[in-house]
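**Q** In case you want the letters, here they are:
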Amino acid sequence: MRQLFTFIKKEFKHVFRDQKTLLLLFGLPIVQIILFGFALTNEIKDASLVVVDYSKDEATQKIIEKFRTNSSFKLEESILGTKEIEEAFKEGKVKMALIFPADFENDLIHENRASIQLIADATDPNTATTLVNHANTIIRDFRQELATGRPDHSIAIDTRNIYNPELKGTTNFVPGVMALVLLLICVLMTSVSIVKEKESGTMEILLVSPFNPFMVIIAKAVPYLLLSIVNLSVILFLSVYLLDMPINGSIALLFAVSILLIMTALSLGLLISNSTDSQQAAMLISLMGMLLPTMMFTGFLFPLENMPWPLQLVANVVPSKWYYIIVKDVMIKGLGFSAIWKETLILTGMTAFLLFVSIKKFKIRLS
Amino acid sequence: MRVLSFLLQKEFKQIFRNPTLLRMILAIPVIQLAILPLAADFEIKNINVVVVDHDHSTYSRDLVNKITASGYFVLVDYNNSMDKGFGYLESDVADVVLEIPPGFERNLVRENHEQLFLAINAINGTKANVGGGYLASVISSFNEEIRLEWFQKGMPAKSTVIEAQAINWFNPLLNYQFFMVPGILVVLVTMVGAYMCALNIVKEKEVGTIEQINVTPIRKHHFILGKLIPFWVIGIFVFTLGLFLVARLIYGIVPVGSLALLYGYLALYLVAVLGIGLLVSTYSQTQQQAMSLAFFLMMIFLLMSGLFTSVESMPPWARVIAQFNPVTYFIEVVRMIIMKGSGFQHVTRHFLIMAGFAAVFNTWAIINYRKHT
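So the protein lines, in turn, are chains A and B.
Every letter in the first sequence is one number past the one before it in UniProt numbering, and letter 225, counting from 1, is 225.
Every letter in the second sequence is one number past the one before it in UniProt numbering, and letter 136, counting from 1, is 136.
Mixed in with the good hints there might be a few duds.
[Said to hold, decoys possible] Each pair of labels, with its calculated beta carbon distance range:
| id | chain 1 | residue 1 | chain 2 | residue 2 | range |
| --- | --- | --- | --- | --- | --- |
| 1 | A | Val230 | B | Tyr263 | 40 to 50 Å |
| 2 | A | Gln117 | B | Thr240 | 37 to 47 Å |
| 3 | A | Glu166 | B | Trp364 | 36 to 46 Å |
| 4 | A | Asn133 | B | Phe117 | 18 to 28 Å |
Bear in mind the hints are in silico, worked out from the structure with no lab data behind them.
The beta-carbon is built from N, C-alpha and C at its ideal position, and this holds for glycine as well.
With the hints as extra help, turn the sequences into a complete structure.
**A** This is the structure we're talking about:
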């Protein structure tokens, strides 16, 4: 026990000596949470819109005015001809064009039927579909205003948005950031820890000394475990006091499962460290190999249920996917352990498996 | 020139001597580019809905049929207990619960008015918004049908129609992968360039070989060029692999615009990105530091680039940050050239800005490099 303690103290000194890295480790979650919390949104606001109005009458003016006041669109004042629209699209200045044919109001009054042309820049299909939908809603509103009197046999809809009444982006992004930051930082840092000693030759000194290899591994992981707990606290503090996020469930439970995820990540990092023979290789795997897949398979950027089933299987082996579900359940829905036991069990299993393989690999190196 | 060519030979030999590393540099981007775009689909479909029906009338059943027939919804359960409905929301089995009140049909016929209750899991606000919107439009078209039915019994229907014809340019089939593949390719090339370059130089620092070079008569700019050029070549190679092997063969993406223009921009972009790598290396003493710094920057570059969420939707201060992010411009340019066929006249501004980035990052790195050695 005393030996282990000395070992851990040594590792702590190593970590604290590298102040630049330490600064970045603490800075990253703060920057991330602020960026994610305030800057990122899947909502579409201020999409540039040009109008080509060949009719220029009262009806078109009213519709244009409706588009002007809608927050999804930003109306460009210049009125263009059809040819100039393509140029504007190619320069990337415009997302949608609205074209009123000549005699719009005339057709509307005399024939009860008029048409509007919408051209969307479908380079980004999501934005295009959303904008077309918004435009359709605006046009439908206008049509309903034309119809006089209260419509008969109407069905009203009382919609309640459970868990996130204001439809804020943060409610979704904060659990995602927690999963991403905790997982990646731990993997990244521990993945170089052992391979670094291998590369600089100090590992051999450790190996000839009478220490249990298991102890070496634990000592490597403990400082990062503690650092990550501090990071977790910072993230939670910022989410509550800066982003107005609720913590509806038990904080103790949230910390407990977070520590479990950190341990999963540490074991993964150790495994990478044990299986590579240069820091460069370890870093390549943990940064280049893990950054994008973790982001995309956690489930907070793109819905997992949309993915083809082989990719859904891939997502199952990404630890942050399970942690993300747990955080949503505990933090936002305020559920207890009974709701998350399955995900907790999966993470525990992953940790046990990764630790087992990693120690096994480590022992092989000893012989 | 002779010195430089020797240095380049040495660097290339060093890179090729480590086949594991080389394979990783090429395989990681190619595999990720092949797989990840399939995972990036934000289209909202298969919304799981639970209907709590207290009415059990012809109307309520018609409504349920209309919802399931719309194609967007999967009916998970049909029951008459709201508690059960909320239970499904809690366990994530359902996204939406629709409650039909008792006497729905009777009230609608007699009092001309009735209300439905909709509970939506809104943790993901966007999904809730879109899903709720779909359901609302299904209900309103059901409403329209009922109204028409009653109109036919008496007065003639007089309604005004405004047709909105939507045309989708540049991607008429709304294929999301056409949008994601070029963007992800840019991110991967950026990582390979900046990251490998930074690690490589710092490694020499850590091992101490950089001091050996410093005492030789090799000029600083030769040394730096000797480090940058190999990764510049690798960057172009990885981009080419991604564009022809993955984007074209797997996703069938053929650039509409000029390849020369695309590669011209890539060449300039890589100079800027390698400048960032060089800069990172001048601020780090160990590979671990370089990695942390690169990770820190990469995260910000990635999130603020418009790859996943659009830059226009960000608050003004965040849009300013995005404008100082070189990745933003290349993602824009790649999407413009590949999908819209934009020409040089459309991206002149992007070229000028990137040239500025390249100059600033490299000058900064070289000044800082001198100070530290």
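**Q** Return holds or violated for the Cβ distance of asparagine 133 of chain A and phenylalanine 117 of chain B against the range 18 to 28 Å.
**A** 24 Å, holds
**Q** Is the hinted range of 40 to 50 Å satisfied by the C-beta distance from valine 230 of chain A to tyrosine 263 of chain B?
**A** Cβ of valine 230 of chain A to Cβ of tyrosine 263 of chain B: about 46 Å, so the range 40 to 50 Å holds.
**Q** Check the following: the C-beta atoms of glutamate 166 of chain A and tryptophan 364 of chain B are separated by a distance inside 36 to 46 Å.
**A** At roughly 43 Å between Cβ atoms, tryptophan 364 of chain B and glutamate 166 of chain A fall inside 36 to 46 Å, so the hint holds.
**Q** Does 37 to 47 Å hold as the CB distance between glutamine 117 of chain A and threonine 240 of chain B, or does it fail?
**A** Holds: the Cβ-Cβ distance is about 40 Å, inside 37 to 47 Å.
Comparing the model with each numbered hint stated earlier shows that all of them hold.
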